[in-house]
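Visitor: Each chain, letter by letter, is given below.
Number of protein chains: 2
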Amino acid sequence: MNRDIVRERKKGAFNPLDLTYVLDNGKIMTEKRRRIESMVYNDPQFKKKELSFMNQVERFNHSLDQELKAVRKMREQGWNPVDNRDEMAWFRSAVHGPEVNPLNLHTSMFLHTIMFQMTEEQQKKWLQAVLDFKIFGTYAQTELGHGTFLRGLETTATYDPSTQEFVLHSPTLTSMKWWPGNLGKVVTHAIVAARLITRAKDHGIHMFLCQLRHLEDHTPMPGVELGDIGPKFGFNNLDNGFLRLDHVRIPREQMCMRFSQVKPDGIYIAPPNTKLSYSSMVLARSNIVYSVGTALAKGATIATRYSAVRRQSELIPGRPEPLIIEYQSQQLKLFPQIATAIAFILCGQQVKQMYLTFISQAKEGNYSSLPELHSTTAGLKAFATQRACEGLEVLRMACGGHGYSSASAFPEIYGTFSPTCTFEGENTVMLLQTARFLVKAVRQASKGGKLTTLMSYLKMDQSERCNAKEPKDFMNIQTLLKAYRHRAKRMVTYATSSLEADLRGGLNNAIAWNKNHLHLLPASTAHCHLFVLDTFNQAVENAVCEDATKRILRTLVQFYALDGIVENKGEFLESGYLSIRHVDLVSKQLINLLAVIRPNAVSLVDAFDIHDDKLGSVLGRYDGNVYENLYKWAKSAPLNEKDVPDAYHLYIKPFLEENKTRVQARL
Amino acid sequence: MNRDIVRERKKGAFNPLDLTYVLDNGKIMTEKRRRIESMVYNDPQFKKKELSFMNQVERFNHSLDQELKAVRKMREQGWNPVDNRDEMAWFRSAVHGPEVNPLNLHTSMFLHTIMFQMTEEQQKKWLQAVLDFKIFGTYAQTELGHGTFLRGLETTATYDPSTQEFVLHSPTLTSMKWWPGNLGKVVTHAIVAARLITRAKDHGIHMFLCQLRHLEDHTPMPGVELGDIGPKFGFNNLDNGFLRLDHVRIPREQMCMRFSQVKPDGIYIAPPNTKLSYSSMVLARSNIVYSVGTALAKGATIATRYSAVRRQSELIPGRPEPLIIEYQSQQLKLFPQIATAIAFILCGQQVKQMYLTFISQAKEGNYSSLPELHSTTAGLKAFATQRACEGLEVLRMACGGHGYSSASAFPEIYGTFSPTCTFEGENTVMLLQTARFLVKAVRQASKGGKLTTLMSYLKMDQSERCNAKEPKDFMNIQTLLKAYRHRAKRMVTYATSSLEADLRGGLNNAIAWNKNHLHLLPASTAHCHLFVLDTFNQAVENAVCEDATKRILRTLVQFYALDGIVENKGEFLESGYLSIRHVDLVSKQLINLLAVIRPNAVSLVDAFDIHDDKLGSVLGRYDGNVYENLYKWAKSAPLNEKDVPDAYHLYIKPFLEENKTRVQARL
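Protein sequences appear in the order of chains A and B. Counting in my numbering, the first sequence runs from 1 upward without gaps. Counting in my numbering, the second sequence runs from 1 upward without gaps.
Chain A with its partners taken away, still in its complex shape (with noise of 0.2 Å):
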């Protein structure tokens, strides 16, 4: 262990393993984890290997056959995606470390859509073949030519009631399916999302279960064209995969009809709910603030610990050079992420729940929170991924050169992570679909309607202002939340109202909405900064755990909304609430806190209980020990096989034997 780190551990305000139960919602869910996670670490199986020393087609294979094991494994516990979701992520999450699950839409997306938009009796066709893996499914929406607008899709499902089939085509180049997980490569069957059209009417997307490769030898159907979409900035062990399909014929069952059918006579039976069909996405993005927050934990305790064991340049002449970790830019790049990962964990248990308890009522009929679920879903997938990308980059950084090798994690963490901006909903739709909600809500606050909790700021008077005298009155959380609450109002009211001058002067709806970009962006990022501000403060209050944890808890939701009034201080001033004095408070506090987190810093990473197989980072050792690592890491790298590579033999000795002899270049 090196003595650095050890030190540093023995810094600590609190105990980490009290704030591992709360980020894992409990002492019992923490020890479960652990006790699942051991079973991987401890099977020779799951032994890690070195990802980035493979090329795509072995990481493709090994990645697949770790599951197929993980699954056989699983088995053997009787547990199944229903009942033990979190057992089943926590297994696998450590077997793949910082992959994804390669076979991950088969058990969320496809088994989702299938348990959720299927019959009964369809199901009873079809959910045992799923759940025991006796055909190999995806989720195929997104096509070459269209993503987050789903109205644009262009696959056709048309019904011919004289088979009684519906022909699945892709009319276009641009129809084609692209970008489904395992569509290349791996499935067997697909839910499809196309057009639906019957008696020569159109009524939009409709899912629909077609079989793609023959269950005997894997070859595609009749009709069917199936590719891998070839190699990505990461998902490299994963086939994303093209479809295209040439009147490819299904029976009329697999259609998805629990909301809408069709009648064996072509007549079309619409569903109670437009909304229903879009419920798999919400599932998708209920869970990325979750695991945004844990994808930035991992990126927080490679940095923190390596800069907690690097030393480099002098702060008193003539002394040891310090740990990395003393400089305040270091501190600044570091402790904003450590807090946002806690906030976005927090947070994203919350949005969890809030999905689970539409699910329940949507079981008994009730689907009434799904617009709210909907909204906030998407605007704050869009700023917590925004976030974690940002800060994933500015902690490889930390890193200074040795963030940029492999031997990180860096590369392999943020390729995987930073698709999430773009799939599931793109980020700048997503928050366009909440400033929908936010511009409804100003309209209906200015009519004197009723504001769902979620809004009641916009009743906030927007003339108050700030009267804190000096750093520490902004320990005060309600004037922070204040603060907060005043520039969300002063933003989502602002951009309304620059969006009903645009319609009174004549504009149609569609093109004023593209006129304030510009204003309804940061307005729903605002009332998404909020939203987690609040959340997070609530969870830490509602933590139940011992007294030094909620301490620094506390600190990191001060700090948290510190920092971003320092990193928005402009929206801040604009609001009014706070003056350019109140700024200069607020960094002086922050500066302030700095002090308070620094010797929590390694302990607080530590809290995230990331295994060193799960971090696959040798900065991000536990055990510290990070340069005789790196040496042993480069020594087995690919290159290294030869000591006197192919190359020399290839290129680079018959260019020195030419030179030998060659009439001199001159300067």
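No lab work stands behind these hints: they were computed from the structure. Do not rely on the hints blindly, as some may be mistaken.
Since copy identity is lost for identical chains, a pair holds within one copy or between any two.
Said to hold, decoys possible - Below, in silico cross-link-like pairs of lysine-lysine (DSBU-like), each with a Cα-Cα straight-line distance of 30 Å or less:
| hint | residue 1 | residue 2 |
| --- | --- | --- |
| 1 | Lys-73 | Lys-27 |
| 2 | Lys-660 | Lys-69 |
| 3 | Lys-49 | Lys-642 |
| 4 | Lys-642 | Lys-48 |
| 5 | Lys-124 | Lys-660 |
| 6 | Lys-653 | Lys-47 |
| 7 | Lys-124 | Lys-653 |
| 8 | Lys-450 | Lys-363 |
| 9 | Lys-588 | Lys-515 |
| 10 | Lys-32 | Lys-10 |
| 11 | Lys-124 | Lys-69 |
| 12 | Lys-642 | Lys-134 |
| 13 | Lys-125 | Lys-653 |
| 14 | Lys-588 | Lys-482 |
| 15 | Lys-642 | Lys-47 |
| 16 | Lys-134 | Lys-653 |
| 17 | Lys-48 | Lys-653 |
| 18 | Lys-588 | Lys-440 |
| 19 | Lys-11 | Lys-515 |
| 20 | Lys-73 | Lys-660 |
These numbers come from a predicted model, not from an experiment.
Got chain A sorted already, so can you dock chain B onto it with the hints?
Guide: Chain B alone, transformed into the frame defined by chain A:
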């Protein structure tokens, strides 16, 4: 040719080629560059291969092969690296496309050190061998334990007068050289930065030429341990390496002795200026701003062209889907990056000029401009690389999901570009170096001392207020520059006062600096931002070009300035020159300019004149035929070599067989 992009090209109000001349620094240069590029593009031995389909060893081999072919071809032209710097840079950049020149260090830092830090006598022995590639060299400075902080380097070169040799040695694990390009597998020699010890005294870092591999068979020399440091986020065509030296002896004559010497008896003669040995670093940094501009130009070209062919969603119900470039949010992603790329390219030309002036002065013994050059390039390097890194990710995400595919070229461009933030001087350290220069200037100013032109803004009256009344008043570049000067002055003087207060409070200098990073870093950034805007504006005013070109360039200067105010409005408000009302007018004017730039967007990126082969992007193709080429690209991807993958026979089939007969899972 895609019809949408053809229509876009007709909309532009200026001739892209005329802007190309400006960006290339003259029509003659453009024509020369194009002629040289076409030599590459028409030569079958340089036909482009898809890099992302190769593994690390394949890329390394391929890239080296290409470079040696390029060297042979350039020899045929009779070029040399001093008189034909531009020609060779253009040729190599065309050969290597999105990759870096794999032998870059041989022809830059290695050659430069030999030419600039060796005596004429030493050069007689070595220079020709380097020019003729009779040896391969690199520049080995960074160590496992130390990067930017040069004084911390641990490698020693101990003089032994009995044999008149230096003994080069790595005394610790952390003293291993780590990161130098080509060190792992390619080079035979290196310039090694080591602490010179003679007569038992440590004289700090000096440069030594050391042979690392035998010229006969490429095996390492006795006492030399070498290897590749393993895969990285990018640069995977390069064998960045490690080097461990175990008492390796080199003749006294292999110390670079132009400025400091060790006499045969071991007497040390100090250099006239201790900063001189760092001039290789200044060379590297002075090139960065320009190359940052060209990297951002690549990203802007890809995202802008793609936005001019991609259609999505709706603006007017019932009408065809609009091009995504019609969305204001998309314009707000693209146009600031286009303006910034042009700003950096023009500013980079200026910085290169400053460097060349210094070099010619230095040849005559005048080193007076080195300190200002050093601090200017330090901060600018950090400012520009940071902006461009963020900008490239904005541009990638502006392409939605397809930006994440290697087909977009963004993963390659970002991976190759992003280490610029941490190499050749870590950005935070660089900004702090500039801050030191700024604080010194404030102190001089407060004593009534003379200020350089660069710092003359410190003399302005901080109580002045902007008198703009409507958005168009912010078209006046003098008003905009004044706002930037006020902001920079406020931040630089604020940081200095805060620092002085801490010093008066009794803190030692290093501790006081460390307590003020929160203020010093953004002050440095604000100063660099002003420098870029000012230089950009001057370059545009001085540009010899058609009126239409000048008009769009002026618009871009205004847009760059306005966008910078909106992005950093808190800092502008704090300076007091602009009020909240002014910031509002600035936003309005920014939106007004979007409409001016919009029809010119594709023409602007066309003016970067980046050949498709160099861009290497399916999304950024000149002809706009994105979708059919994405499909074609994907079909040739490695996983598609077999329709039914090996993974089926290895993993999927046995698993399906097992599941056929298995007792069913239960929910």
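Visitor: Indicate, hint by hint, whether the structure satisfies it.
Guide: Do the hints match the structure? See the list:
For a Cα distance limit of 30 Å, the shortest separation of Lys-73 from Lys-27 inside one copy, 25 Å, qualifies, whereas the shortest one across copies, 68 Å, does not. Within a single copy, Lys-660 and Lys-69 get their C-alpha atoms only as close as 57 Å, which misses the 30 Å cut-off; across copies the closest is 17 Å, which meets it. Proximity of Lys-49 to Lys-642 under the C-alpha cut-off of 30 Å is found in both arrangements, the shortest distances being 20 Å within a copy and 25 Å between copies. In the homo-oligomer, the alpha carbons of Lys-642 and Lys-48 lie at most 30 Å apart both inside one protomer (23 Å) and across protomers (28 Å), since each shortest distance falls under that limit.
In the homo-oligomer, the alpha carbons of Lys-124 and Lys-660 lie at most 30 Å apart only across protomers (17 Å), although the nearest pairing inside one protomer, at 78 Å, exceeds that limit. When the C-alpha separation of Lys-653 and Lys-47 is checked against a cutoff of 30 Å, the pair qualifies only between copies, where the shortest distance is 24 Å, while the shortest distance within a copy is 40 Å. For the homomeric pair Lys-124 and Lys-653, the shortest alpha-carbon distance between copies (24 Å) is at most 30 Å, but the shortest distance inside one copy (68 Å) is not. Proximity of Lys-450 to Lys-363 under the C-alpha cut-off of 30 Å is restricted to the intra-copy arrangement: shortest distance 28 Å within a copy versus 78 Å between copies.
Taking the shortest Cα distances, Lys-588 and Lys-515 sit within 30 Å of each other only across copies (11 Å), while inside one copy they are farther apart (38 Å). In this homomeric assembly, Lys-32 and Lys-10 come within 30 Å of each other (Cα to Cα) only inside a single copy, at 27 Å, whereas the closest approach across copies is 65 Å. For a Cα distance limit of 30 Å, the shortest separation of Lys-124 from Lys-69 inside one copy, 27 Å, qualifies, whereas the shortest one across copies, 65 Å, does not. When the C-alpha separation of Lys-642 and Lys-134 is checked against a cutoff of 30 Å, the pair qualifies only between copies, where the shortest distance is 23 Å, while the shortest distance within a copy is 45 Å.
In the homo-oligomer, the alpha carbons of Lys-125 and Lys-653 lie at most 30 Å apart only across protomers (22 Å), although the nearest pairing inside one protomer, at 66 Å, exceeds that limit. With identical chains, the CA atoms of Lys-588 and Lys-482 are at most 30 Å apart both within one copy (19 Å) and between copies (28 Å). For a Cα distance limit of 30 Å, the shortest separation of Lys-642 from Lys-47 qualifies both inside one copy, at 25 Å, and across copies, at 29 Å. With identical chains, the CA atoms of Lys-134 and Lys-653 are at most 30 Å apart between copies only, with a shortest distance of 10 Å across copies and 56 Å within one.
Taking the shortest alpha-carbon separations for Lys-48 and Lys-653, only the inter-copy value of 24 Å comes in at or below 30 Å, while the best intra-copy value is 38 Å. Taking CA atoms no more than 30 Å apart as the test, Lys-588 paired with Lys-440 passes between copies only; the shortest distance there is 24 Å, against 38 Å inside one copy. Taking CA atoms no more than 30 Å apart as the test, Lys-11 paired with Lys-515 passes between copies only; the shortest distance there is 21 Å, against 53 Å inside one copy. Proximity of Lys-73 and Lys-660 under a CA criterion of 30 Å is satisfied inter-copy only: 17 Å between copies versus 62 Å inside one chain copy.
Figure legend: structure checked against the earlier numbered hints; every hint is met.
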